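Colleague: Residue-level listing of the chains:
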Amino acid sequence: MTHAASTESKVPQAGTALDPTEPDGGVVGLKKPKPGKAKKPGESPNIFAGVFGWVWLAVIILPIYYIIITSFRTSQDLRANNQLIPTAEPTLDAFILVIQNDFFHFFFNSVIVTASTVAVVLAVSLMAAYYITRSTTWGGTRLFQLILLGIAIPVQATIIPVYYLIRQLGLYDTLWALILPQIAFAIPLSVLIIVNFVRDIPNELFESMRVDGAGEWKILGSLVVPMAKPALMTVGIYQALQVWNGFLFPLVLTQSRDVRVLPLSLWEYQGQFGINVPATLAAVVLSALPLLVAYILGRRYIVAGLTAGFGK
Amino acid sequence: MTATASTDTAVRDTGAGKRRQGPTFLMALPAVLFFGFFALIPLGGVLVISFMEWNILGTPSWVGLDNWDTVINDRPFTWRALTLTLLFVVGSYLFQAPIALMLGVFMAGQQRYRAFLSVLYFLPLLFSSVAVGLTFQSLFSPYYGMSAALPFDWLPNDWLTNSDIVMYVMIFVVGWCFIPFHALLYQAGVRQIPADMYEAATIDGAGRIRQFFSITLPQLRYTIITSSTLMLVGSLTYFDLIFVLTGGQPANAVRILPLDMYITGFSANNLGHASVIAVILVAIGLTMSLALNKLSGSSKMESDKAGA
Chain A
1 MTHAASTESK VPQAGTALDP TEPDGGVVGL KKPKPGKAKK PGESPNIFAG
51 VFGWVWLAVI ILPIYYIIIT SFRTSQDLRA NNQLIPTAEP TLDAFILVIQ
101 NDFFHFFFNS VIVTASTVAV VLAVSLMAAY YITRSTTWGG TRLFQLILLG
151 IAIPVQATII PVYYLIRQLG LYDTLWALIL PQIAFAIPLS VLIIVNFVRD
201 IPNELFESMR VDGAGEWKIL GSLVVPMAKP ALMTVGIYQA LQVWNGFLFP
251 LVLTQSRDVR VLPLSLWEYQ GQFGINVPAT LAAVVLSALP LLVAYILGRR
301 YIVAGLTAGF GK
Chain B
1 MTATASTDTA VRDTGAGKRR QGPTFLMALP AVLFFGFFAL IPLGGVLVIS
51 FMEWNILGTP SWVGLDNWDT VINDRPFTWR ALTLTLLFVV GSYLFQAPIA
101 LMLGVFMAGQ QRYRAFLSVL YFLPLLFSSV AVGLTFQSLF SPYYGMSAAL
151 PFDWLPNDWL TNSDIVMYVM IFVVGWCFIP FHALLYQAGV RQIPADMYEA
201 ATIDGAGRIR QFFSITLPQL RYTIITSSTL MLVGSLTYFD LIFVLTGGQP
251 ANAVRILPLD MYITGFSANN LGHASVIAVI LVAIGLTMSL ALNKLSGSSK
301 MESDKAGA
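Sequence order for the protein chains is A and B. Residue numbering for the first sequence follows this note's numbering, starting at 1 and increasing by one per position. Residue numbering for the second sequence follows this note's numbering, starting at 1 and increasing by one per position.
These are computed hints drawn from the structure, not numbers from a lab. Note that the structure is predicted; figures quoted are calculated from it, not measured. Be careful, since some hints might not be right.
[Said to hold, decoys possible] Derived SDA-like pairs: lysine to any residue, alpha-carbon spacing no greater than 20 angstroms straight-line:
| no. | chain 1 | residue 1 | chain 2 | residue 2 |
| --- | --- | --- | --- | --- |
| 1 | B | K294 | B | A283 |
| 2 | B | K294 | A | L149 |
| 3 | A | K218 | B | T24 |
| 4 | B | K294 | A | L148 |
| 5 | A | K218 | B | S228 |
| 6 | A | K218 | B | F25 |
| 7 | A | K218 | B | P30 |
| 8 | B | K294 | A | Q145 |
| 9 | B | K294 | B | S228 |
Throw the hints in and build the complete structure from the sequences for me.
Modeller: Right, dumping it as C-alpha cells:
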C-alpha cells in the first residue's frame, strides 16, 4: 500500500469539471495521435487504484501460492494441516513421482508440436500477408475477406469433421494430427496481425527494391521480414502459448501415451494419481516452469511482443 | 516465381500493360491449402455430418433432417444449453471487460509499484487451461482447499457442486485466466495516448474521472473493439476449463453449447446430434463477429497509420 497511502483523496467528481470550451467531440475527433506517456505530472496518488491493484494481486497470487506449497506436501499432510500454511516437513516426493511418470517425454512432445506449428504458421502467414497487401490482382482482397471470415470460425465447432479427416488420412494418434490442424486454425489471426504491419510499409520502398532488380523472395526477406518484426513476434508468442496450452485437439485426436502432450498429461495424471493431490499439483507446477523461465529471461520482449501486433 | 520480378519483363509479359507487378499467388498458396483443407472443408463438413447418423465407430449414413428435428424439437436441453451459453458469455464479459480496462489503465501508470505489480499480473498466462482447472479444483475442494483452511463459517464449501453458484465460479475462474491478457492490451493502448492531451485537460481543470471518460475511453476505442471481440467470441466457444473443472456437472448447470457438443459427440458417441449443435455454434459465432465488425468497421483494407 506504499504509494496509495496518501492523506487526501483528490478525486473530483465528473460533474464539477464542466468545461464548455472542450466538448467531448473534439477529443474523439483527434485520431491516432503520436505516442506518449500516459501519466500526468503533479498528481495526487490514486487511493482507489492502489487498493484495487493490491486486491487483484491477492486474487492472482492465492491460487499460485496454494499449488506451490501443496506440491511440497504429502497427501496425508495436506489433509491433516492447514492447507494455506506451508508445511513444516517439505518433501520432493510429489515431483519425483511426476518425473518418474514420463513427464519429460510429454514435455518433449509439447516442444515438438509447438515449435513446428509456430514455425510453419510464421512462414506461411507472412507469405500470405505479403501477397494480400501487395498483389495487384483481385485475389489479394478476396483472400483477405476469406481470412477474416476464418477468424470468426470457432475451432471447437469443427472438431468433428477434423476428427473424421484425421482418421481418413491415417494420422489419428500421431503428432501430425496435432500439428496440421493447429497450423490451419492459427493462420487467420496471424495473417490479420501481419497484414496490419505489412500494409504500412511505404510503396516507394518496394518500388526502389524492384528497380534494383530484387525478386519477390529477396524483397520478402530483406524488406518485409524486418519491417514486420513486431507482428512476427506477436504471432510467434501468442500462437506458441495457444498451441502449448491447447487441450481440445490432443483430447480428441490422440490417445496413446507415446504422443501425449503436456496439457493432456496433466488431465491423465489427475486420473492416475487420484487422491494424491500434491502429485497432481506438482505436475501443474512443473508444466508451468518452462514458461516461467522464458518469462523471467525475456519478460520485456514477451510482454511487448504479445501486444505489439494487436495495437492496430 | 521470380520471373516477373524485374520491371521490363513484367511490362512485356502482361498484355494489359497497365498492371503493376506484385507477388504471385504462389506466395499465398501454402496458407490457402492449410486453411482450406483443415478449416474450410471441416466447416462445410460439420453441416454435412449434421444430416447423418454416425456413432463414432460405424460409417456415417444419411438421415436427412432427423438430427435437426430431434435436437431442436425433442431435446429440451438444447434450449437450456443455449440459455446457459448466453448467461456465460454475458456474465464473462461483464466480469472481464471492466476489470481488464481498469487494470490496463492502472498498469500503464509510471509508478514503480505498478510496474512491480504488472510483472506479477502476467503469471496466470503461464498456466494452461488444464493446469488452471486442476488448481481451482483443489482450491475449491471442501476437504483440502480454501474452505477447509479458512475459519469463516459463511464461506461456501461446495463451490463446484452447488448448481446455484457453479456458473459464477466458472465465470470467475475463466476471468482469472483471461483478464491478464486483455489488461495487457489495454495497457499498450493507454500508453499510446499522448501526454499533452492529459496536460491540456489538467490545465482546463478536468479531474481524474472526467479525464478517464473524456480522454482515456474514447482514445481506447480500437482496443475496446479488439478486446471485446476476442472476449465475446472466446467465451462463446470456451470449453477447456469448464470441462476440466466440472464436466458440466452439477445438474448440467454449466453445460454450455461447446461442452454439450463434446459430451454429445465424444462421450455419448452421437456425432450427428453433436454436429447440429456445432452448426448452431458456428452460426452464433459468425453472427456475433459480423455484428461486431459492422459496429467497428474494422474490416476496411486501408491503413490507419498507427504509431504502434
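Colleague: For a C-alpha distance cap of 20 angstroms, please report whether K294/B and L149/A respect it.
Modeller: OK: K294/B and L149/A at ~13 angstroms, within 20 angstroms.
Colleague: For the pair supplied as a hint, K294/B and S228/B, is the alpha-carbon distance within the 20 angstroms limit?
Modeller: 14 angstroms, holds
Colleague: Take a quick look at whether K218/A and S228/B sit within 20 angstroms of each other, Cα to Cα.
Modeller: With Cα atoms ~39 angstroms apart, K218/A and S228/B exceed 20 angstroms; violated.
Colleague: Please verify whether K294/B and Q145/A have alpha carbons no more than 20 angstroms apart.
Modeller: Between K294/B and Q145/A the Cα gap is close to 14 angstroms, so the pair holds against 20 angstroms.
Colleague: Between K294/B and L148/A, does the CA-CA distance stay at or below 20 angstroms?
Modeller: Status holds; Cα separation ~13 angstroms.
Colleague: Does P30/B sit within 20 angstroms of K218/A, going by the straight-line distance between their CA atoms?
Modeller: Distance of about 18 angstroms is within 20 angstroms: holds.
Colleague: Would the pair K218/A and F25/B pass a check requiring their Cα atoms to be no farther apart than 20 angstroms?
Modeller: Judged against 20 angstroms, a Cα distance of about 16 angstroms means the pair holds.
Colleague: Can the restraint linking K294/B and A283/B be considered satisfied, given a maximum Cα separation of 20 angstroms?
Modeller: 16 angstroms, holds
Colleague: Does the alpha-carbon distance linking K218/A and T24/B stay inside the 20 angstroms limit?
Modeller: This hinted pair holds, its Cα atoms lying about 14 angstroms apart.
Hint 5 from the list above is the single one not met by this structure.
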